[in-house]
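Heads up: the protein sequence lines correspond to chains E and F, in order.
Letter 378 of the first sequence, counting from 1, is numbered 378 in the numbering used here, and no numbers are missing.
Letter 330 of the second sequence, counting from 1, is numbered 1330 in the numbering used here, and no numbers are missing.
Warning: the hint list may mix true and false statements.
Said to hold, decoys possible - Below, simulated DSS-like cross-link-like pairs (lysine-lysine); rule was C-alpha separation at most 27 Å, straight line:
#1 F:K1589 <-> E:K439
#2 E:K295 <-> E:K105
#3 F:K1124 <-> E:K295
#4 E:K479 <-> F:K1079
#5 E:K158 <-> E:K295
#6 E:K365 <-> E:K295
#7 F:K1354 <-> F:K1444
#8 E:K295 <-> F:K1590
#9 E:K479 <-> E:K439
#10 F:K1444 <-> F:K1073
#11 E:K365 <-> E:K439
#12 F:K1124 <-> E:K365
#13 E:K295 <-> E:K479
Derived from the structure by calculation, the hints contain no laboratory data.
Below are the chains, spelled out letter by letter.
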Amino acid sequence: MNLSLFIIIPLVTAVAVMCCRGLRQARWISLAGSLGQLLLSFVLLFRFGQERAAGNSSRMLFEYRHSWFAAWHIDYHIGVDGISVAMILLTAVIVLAGVLVSWNKGPWSKEFFSLLLILALGAYGFFLSLDLFTMFFFLELSVIPKYLLIGIWGSGRKEYSAMKLALMLMSGSALVFIGLLGLYYGSGHSFDILQLAQVPISAGVQRTFFPCLFIGFGIFTALFPLHTWVPDGHSSAPTAASMFLAGISMKLGAYGCLRVATYLMPDAAREYAPIIIVLATIAIVYGAFATMMQKDLKYINAYSSVSHCGFILLGIGMLTRAAINGAVLQMISHGLMTALFFASIGMIYDRAHTRMVDRLGGLLKVMPFISTIFVIAGLCSLGLPGLSSFVAEITVFIGSWQHPGTMYRLATILACASIVITAVYILRASAQTVMGPVKDPQFSVLTDAAWYERLASILLVAGIVVIGVAPFWLNDLLKPGIDAFMVHAGQTGLLK
Amino acid sequence: MANYNYIAWIPLLPLAGFVLLGLFGRRRFRGFSGILGTGLILAAALLSLYAAWQYFGAGAGAAGVTAGGSAYKPILAMKFTWLSFSPGLSIDMSVLLDPISVMMIVVVSLVSLMVHIFSLGYMKGEERFGTYYAFLSLFSFSMLGLVLSGNIFQLFIFWELVGCSSFLLIGYYYDRPSAVAASKKAFIVTRFADLGFLIGILILSFYGETLDFGTLIHRLTTPSPQFLSITSASFLGFSLLSWGLTLVFIGGAGKSAMFPLHVWLPDAMEGPTPVSALIHAATMVVAGVYLVARLFPVFSLSDPPALGVVAYVGAFSALIAAIMACTQTDIKRVLAYSTMSQIGYMMFALGVSKYGGEGGLGYMASMFHLFTHAGFKALLFLCAGVIIHRVHSNEMNAMGGLRRQLPLTHICCLIACLAISGIPPFSGFFSKEEILLAAWQSNKLIYGVGLFTSGLTAYYMFRLYFSIFWRGPHGVRQAAGDPGAGDAHGSTPVSMNLPLVVLALGALLAGLIPFSHFVTSDGEPIDTHTPLSFSIAPVALALAGIGLAAWLYGTMSDRPRRLASAIGGLYRLVYHTFYIDEIYAFITKKILFNLVGRPAAWIDRNIVDGLMNGLASFTAWISALIKGMQSGKMQDYALYFFTGIAGLAVLFIYIWKN
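For reference, chain E alone in the conformation it holds in the complex (with noise of 0.2 Å):
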C-alpha cells in the first residue's frame, strides 16, 4: 500500500480547491477529497489488518525511503503501526467532520477549505513519518494555517489568540527542534527513528535533549503550565479548526512525546517521569476545578480539555504497559469526543449567537437533535461507560495503579477523583444549556441541524460508540505497537 497518498489526497485537494469557484464548488470538492482519506484510511486499516494476519510481524509496515537531503541523512521515511494507523483514522474523520460543518463557510471559503485541507496533510504527514526531520517539517506545516484560520475566521479576540496559539506552538517547535538537533549529534548522524532505537543513547544526551522534547511536544498537549494557548486559541477559532485543534492538533504532540522522546529516551523518560506525573496530574486536577468555573461553553471544553489530556501526559509518564495503552486510547478517545464537543458548541453557537451558559436554556426543546449531542458528548466527557473515555480512562487508572509508591498512587487518586469534578461541570453546563425553560423567547423559531451537520454529528458519534463498545478491536490494532515500545524501553533497562 502506498502511504504517499495520505499526502497526495489532500495536496491534490488543496490545490484543486484553491482553483475552483465560489463556496459551492469548494465545500463539494472539500466534501469528496476528505471522504477519499476516509476511505483511503478504512482500506489501510483492512489492509493492515491482513498484513498481520498473514503474519508479518515488522515493526513497521508499508514502509518506504526515498533520500531526501543525504548530506544530513534526511530521508522521506513513512511508515506505519497500529498506533498510527489509528492515529490516522482519526484524522480522517475529523477532517471530514470539520469540512461538513463549515459547509456554509465564508467569507473566503475557498482559502478557509484549502488551509483546512493542508493541516490535514500536515497531521498524516507527521503521524506516517520515521524521520525526525520529516517528522518536524509536517509538525510546522500544521502550525501555520492554524494562525491564518484563527486570525481570519476567529471570533472574539482572534488576533490576541492566534498570536498567542502561534507564538506558543512555534516555541514548542524550536524546543522539540533542538531536542532532534540533540539526537542527531549525540547518536551518530541520524534522524531515523528505526534506527536510533538501535543505538545507545548516551545517558548525558538523553538527560539534556528529553525536556527539550517532552516540553516541546508537551506544549501541543496541554502540558501544564504551558496549557494557556488552549482557551484562547480554542474559543476563538472557527468550529472546524477547533475540533481539528483539540481533536488532532493536541494529539500531534502527544503522539510525539510517546514516539519521539519516550520512545527513544526512555532513561530520561523514567529520570523525569515523577516530574512529567506531578504536572499530568496538576493538569488533571487543576484543569477540572478551572472548567468548573467557566460560563462560555467554549472555555469549557478548551479547559476540560487540558483536563482531559492531563490523563494522556499521566499515562507516558507512569510508563506500564497499560498506563500507555491507556494514554494512545485516550488520544483518540478525546480527538472523537472534543471534536463532536466543538462541533455541537458550533451549531449552538451559530444559531443563538451566543455562547454564555447563563443566557442559553431549554435548547433541547427546539433544537433536539443539537442539543442530543451535546447531551452524548458531555456523557462521553464524564466518562460514561458504552462511550469511547471510559476505555480510555479506566485504562489509564488501572495502568497508572500498576505503579507502586506513594507519590503514584497518589496522583492516581486525584486523576480518578477528576471525575467526579467532570461530572460536575458537564452536568452543570448541559442542565443550564439544554435542560430547563426556554431562556430566551427568540430560541423558540431556532431550526435545528442540517443535514451536513447531522452527517458529521453521526460520523463522530459511530466512532465514540464504536470504542466504547467494543474497545477490543482497537486494543489489539494497538497492541504490536505497544509490546514493542515495551520491549524497546525494557532492552535499555526501563522496566522489569
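We have chain E already, so just place chain F on it with the hints.
Chain F alone, transformed into the frame defined by chain E:
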C-alpha cells in the same frame, strides 16, 4: 449441563428496545413505542422465569445443583474478553448464574414489566413517550446486565449505566428546574460514591491480580499469595483488604442511599412515578446490597471490620430514615425515606450474618427482604402514581377520603402497608422476622434499632395510608371540584390496575416461598424456623404504630399539629431532615466552588497566563529597547563601528599582555 446460552438475551432484548426506540422512537415508532418496549421486556421476563425454573428446578434434578451435592453452584454461562490490560487482568463480559443473580433477574424483569405496563396508561399522551420507553429499556438492560456480571469491572460498567439511566429518567421532565437539579444531584452524589468503588476495585484487583469475581473471591478467602500480600500491606493501621472492601461498600452505599450519601434519593422523586417505583424503590437502589452480597464471602471470612461498617451504617440509616419519614408530607418523599430505611435493614442483615450454614441466616434474610420489598414497595409507588394521577398533587394534606373513589387502589395500598409494617401473613412479615432474628443472634444493639424502627415503619406507613384514604372528605371535594381532572381521568385504565393487582398478590403470597431453600450464603439450603414467641414483640410494636397513626390521622383533627408544636425544635430538625442538604450545599458551594474552583480559574488567567503574557511583553520591551540601534543614520553606525574596534583593540592588548 443445561444450555444457558439464551440468558444473554435477557439483557439484550431491552437493549434492542433502547436502540430501536432511541433512534426511531421520536417519529417512526412513536405510536407503538410503548407496546414495543413492553413486549421486549415481557420476553425478557419470561426468559428469566424459565431460567429460574431451570436453575432452581425441583430439588436434586435442578441444573444449579451439581451431581452428588445439594448446594447450588455458580455457573458461568458466557464469557469473552472485552478489554485486556495484562495477562490475568481483563474486563470480561460474562453471564454469571448463581442463586442471587437468578433471583435478581426475576425481580428486575418482573418489576420492570409491571412498570412498563403501568406506564402505558400513566404516561399516555406525553410528548416524549418514545424517549421515555427508550430510557426505561436502557435501564432494564443495564440493571439486568449488572446482576448477571461475573467480573467486578463489568459490574462497574453496568453500575455506571444504571446511574446514567436513572439520571435521564429523573430529569425526564427536563423543563422543570427542580427535576433538572434533582437529576444532577443524583448523578453527582452517586458519582462521588463510585469514586470509592473505583479505587476499591483498583486495590482489590491489584492485589487479587484478577477482576473475575469467582477467582477474586477464591483468592481473597483462602491463604493464597494474593491474600497474604493484601492483608500484610496496610495503610493508616488497616489492612488494604479492609480499605478495598470499605471503599467498594462506599460505592454501594451511594447507590443504595445509605447515610450520609442518601441525599439524592428524596429529590429523585422528581422523576415520573413509575420510574420511582422501578429504579428508586425496587431495583437500582438495592444494587449496593447486591454488591455486598456478591462479595459477601470476602467480607465475612476475611475482613470482619469492613462487615461491621456495613452493619452499623445499615442500622443507622434504617433508623434515621424512618425518623425522617415520620414528618414528611409529600407521599413520594415518605416512600423514598421508607425505601432508604428498608435498604438499611437489608444492609445490616448482611452485616450481622456469617458465611455458611445456619449462621448465614442474615444473608438469606437480607436477600429475602430485598425480594419481598421489591414487590410491595413497587406496589406502594404505583398506588401513589394512581393517586397523583387523580389528585394532581403529591401533598398528603391535599388528599383524604380517597377510599371511595379509588377502591382498588385502596385495597392494594392497604396490603402493601401491612406488608411493609410486618404484619402476618403478608410478605414483609416473614423477611423482617428473619432479619430481626439474625440480628438478635449476633448483635443486640442492632436488634434493638431494628425492632424500634419496625414500630416507626408501621407508624409512618399508616400515617400515609390514613391521610390519603381516610381523614374526612377533604380530598373528595378537591378532586370533585376540579372538573377537568375528573373527566380526563375518570376511571383508572386497565393498564394501571393490572400491575397493582399482580403486585398485591405478590405482597400477599411472596412470604410463603421457602426462600431459604434456594438462596443462602453458600448455596446449601437451610431450614429456618422463627419461634412464635420471637414474633410477638415486633408485631405488637407494629400494631401500636398503626394504632397511633389511626388516632392521629384517622379523622380530621388538630392532634398532629398539636403534637408537632409540643416538640417544636425537634420536629423542625426532623422535618428539615437534620439539615443534611444544607451541609452539603455549604460544602459544595462555599468550599468547592468559592475556595477551590474560583481561585483555580483566577490563577490560571492571571498568574499562569500572566506569566506567558509577561514573557511576551518582556520580549517586546527588549526589542523596543534595541530597535533604535538600526536607525539608518550613517553617523550612528560609524560610532558603533569605531566603538567596536576600540573595544576589540583593548581586548586584544589585554590578552596579548598576559
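**Request:** Mind checking the alpha carbons of F:K1589 and E:K439 for me, to see if they're no more than 27 Å apart?
**Result:** Measuring from Cα to Cα gives roughly 24 Å; hence the hint holds.
**Prompt:** Under the criterion that the straight-line Cα-Cα distance not exceed 27 Å, is the pair E:K365, E:K439 satisfied?
**Reply:** Satisfied, since the Cα-Cα distance of roughly 11 Å is no more than 27 Å.
**Request:** Would you mind confirming whether the straight-line C-alpha gap from E:K365 to E:K295 stays at or under 27 Å?
**Result:** holds (21 Å)
**Asked** Under the criterion that the straight-line Cα-Cα distance not exceed 27 Å, is the pair E:K479, E:K439 satisfied?
**Response** violated (49 Å)
**Item:** Hinted pair F:K1444 and F:K1073, Cα distance within 27 Å
**Value:** violated (33 Å)
**Request:** Please work out if E:K158 and E:K295 have their alpha carbons no farther apart than 27 Å.
**Result:** holds (18 Å)
**Prompt:** Hey, F:K1124 versus E:K365, does the alpha-carbon distance stay inside 27 Å?
**Reply:** holds (19 Å)
**Request:** Verify the proposed pairing of E:K479 with F:K1079, using a straight-line Cα cut of 27 Å.
**Result:** holds (21 Å)
**Request:** Sort out whether F:K1590 lies within 27 Å of E:K295, counting only the CA atoms.
**Result:** holds (18 Å)
**Request:** Compare the distance between the alpha carbons of F:K1124 and E:K295 with 27 Å, and conclude whether the hinted pair is satisfied.
**Result:** Violated. F:K1124 to E:K295 sits at ~38 Å, over the 27 Å cutoff.
**Message:** What's the verdict on E:K295 and E:K105, does the C-alpha distance respect the 27 Å limit or exceed it?
**Reply:** holds (26 Å)
**Asked** Holds or violated: are the alpha carbons of F:K1354 and F:K1444 at most 27 Å from each other?
**Response** Answer holds: F:K1354 to F:K1444 is near 16 Å, not above 27 Å.
Hint compliance for this structure: hints 3, 9, 10 and 13 are broken, all remaining hints hold.
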